[in-house]
Amino acid sequence: MSEKRAAALYGWLLRLYPAAFREQYGDEALALFRDRYRDERGLMARTRLWMDLLADLAASVPRERRRFKMGAMALAAHRTGMPSFQVLEDESLRPSMAISGAAVSTVAFCICWILMSHWTWQSRAESDINGVGARAVVTIAAPTGSSEAGRNEKMLAPAAAASGVDPEQVAQAAALNLERYYVDHEAARKIADGLRQRAKAGAYNGAGDGRALAAMLTKDLMALSGGDRALTVNYFEAPLPEGPRAVSAESAARYREAVQAQNCMIRTAEVQPDHVGYIRLDGFPDPGVCEAKARAAMAKINGADAIIFDLRENGGGYPGMVALIAAYLFDHPEYLYNPREATTANSWTRSPVNGNRLAGKPVFLLISPRTRSGAEQFAYDLKALKRATLVGEKTGGAAHSGVFHRIDDHFGMGIPEVRAINPFGEGDWEGVGIEPDVKTPADAALATAEKLAAARAREIDALRRITAR
Amino acid sequence: MARKKFDPLPSAAFQILVALAGEDLHGYGIMRQVQQQTGGRTRLGPGTLYGSIRALLDERLIEEIESGAGSEAERRRFYRLTAAGRGMARAEAERLADLLRAARANNLLEGDRV
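Taken in order, these protein sequences are the chains called A and B. If you read the first sequence in the numbering used here, its first letter stands for residue 208, the second for the next number, and so on. If you read the second sequence in the numbering used here, its first letter stands for residue 38, the second for the next number, and so on.
No lab work stands behind these hints, which were simulated from the structure alone. Please note: incorrect hints may appear among the correct ones.
[Stated by the list, open to error] Result set (SDA-like, lysine to any residue): computed pairs, CA atoms no more than 20 Å apart in a straight line:
| id | chain 1 | residue 1 | chain 2 | residue 2 |
| --- | --- | --- | --- | --- |
| 1 | A | K500 | A | V560 |
| 2 | A | K211 | B | Y65 |
| 3 | A | K500 | A | G510 |
| 4 | A | K276 | B | A92 |
| 5 | A | K276 | B | D95 |
| 6 | A | K276 | B | Y65 |
| 7 | A | K601 | A | K646 |
Sequences are here, hints too, so could you generate the full structure?
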C-alpha cells in the first residue's frame, strides 16, 4: 500500500473520534501516522503498526467520546430545573462513515487471517522439530532452556510446606524436560517412561510436601539413570522467575564493582624467605574483569621454588580463570576436564606463559569442605595430572554439571546437557568430593604444606647451585 | 482537581511525563522516546497519545511551545514539562522506587551470583 493511500485510510479511521478531538489533533495524529509508516517497513512491522492502530482506536475512541459527552452534560447541568437537549455531534452521519466502517472490518479480518495462518504454520513446525507432537502443546510447564539460570540453583534454600502441588504434573513435566535436554537421548526416553509409569501408578501422591516430592523424584531419577548424580529435581519455596535469566549491563557492572572491591578474590600473593610462593584465592572470578590482577599475582610469585595455592575458602567461579591460572603450571597446553562444558579448544591451557618460571615447580593445594565447584575443578585436574599435592580435608562435592530448567513456580531440575571428555576417570565429583593426598585438618593444612614445600624448595635450590657450578 | 484526576497516574501519562523530563518533544518524538524507555514494549498510538497530551495540558502538567523553525506544513507542536508536571512525575517515580525496594526485600528480584 502506498503511503498516500495508507494515510487516507487512517484519515477515515480518524473520523471515529469526536469532531472536537479531530479538529485539535487530527493533523498531528495523521502526521504521526505518516512518520511511523515511513519508518516501519516490512510485512511484520507494518502488520504490527496496523494492529497498534486498531488497538489504539479500540481503547481511545470510546474514551474520547465519553469525555466529550461528559463535557456536554456538564454544560447542560448548569441549567438546573429545566430539561435540556444537547447536540453532541454537530456533523450528520455521512456515507463515508459506512466506507470507513467497512475498511476497519476488512483490515481487521486480513490481520487476523495473516496471524492465524502464521501461527498454525509455526506451531506445526515446532512439533515436527521436537518430535513430541501434541504433548509439547499441552504441557503446562515449558522448559526455559536457559543454561545460565542453572548456576543459581543452590543459592535458593529449599523449604517445606507447599500448597497446591500436583505430583503427577511435576513428574510429567520432568519427564518431558528429560526427553528434550538430557545428553543421552536413548537413556532419556527410558528414564522418562519409567518416571511416567511411576507417576501414573500414584507413587508420588504420598509425598507430603514439595520438598519431599523433589527428593523422591531425585532418588528415582538416580536409580533409573543408573547413578547420574547431576540429574536432580529441586523444590524452591520462593517462586522461580520465568524465562531465561538475562545478564543486564547493570548486573554486569555490579559484579565488576563487587569483585574489584574484593581485589579479585586474591587475598595474598607473596614469596616467603624459604622460596615458597604462597597465594590465597577465595574464588575464580571472571577473567574478563580480573585477568590483569590474576596475572600480576602470578608474576609476584614467579621467583618461587615451590607454590602453595590456598583454596580452603574458594567456592568456585569461572572455568576461564581456572584455565588462566593453571596455564602457569605447565610448559605445554594441557587438557583440563570440566564437567559443565563440552570439550572445545578452550579446554586446553594456554601454556607456556611468556616469562613464566613456575611450570616445573612443585605445587601444593590446600583444600577443605568449603572448596567447591570451580575450585574443585582446579584440584581435580591438577591431581589427575599428578601436577599437585592436595593437602587438607575432602572437598565439598559440587560439580554443578546439571543445567537448570524451570518446571513451574516452585520446581526446577538439573539436567546434564553435555558430556565432557574425562580422560582421568568415570564421572565427576558431584556429591563425592575430592580426596586429599595428605590428610590433615583444614586448619593445620598450611603448616603441613609449608614444611613439605620448603623441603622441596631446598632441593631445587641445591640442584640449582650444583648445576651453576 | 489535577491531583484527583491523575490519582492514580495512568501509565501512558506517566510515560509521557518521563519522556518530556529529558527534553521538549513533539508527538512522534514522545512516542519514540516512550518506546525506547520501555525497551520497545510500549508503543503509544495516536489516539492514546493525544488523548493523554490533552488531559495533561488541561491540568497544566505540560505546556505547548512553538517549534519555530520549518515550513507551515512541517511545523509541529512541541511539548514541555511544567514545574507541576515534574513534581508529579518525581512523586510517581519515588512511589515506584519504594515498591521496587519492597520487591527486593521480599526476594522478588534476585541478587547476582558472584
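Could you tell me which of the hints above the structure violates, numbers in ascending order?
-> Failing hint: just 6.
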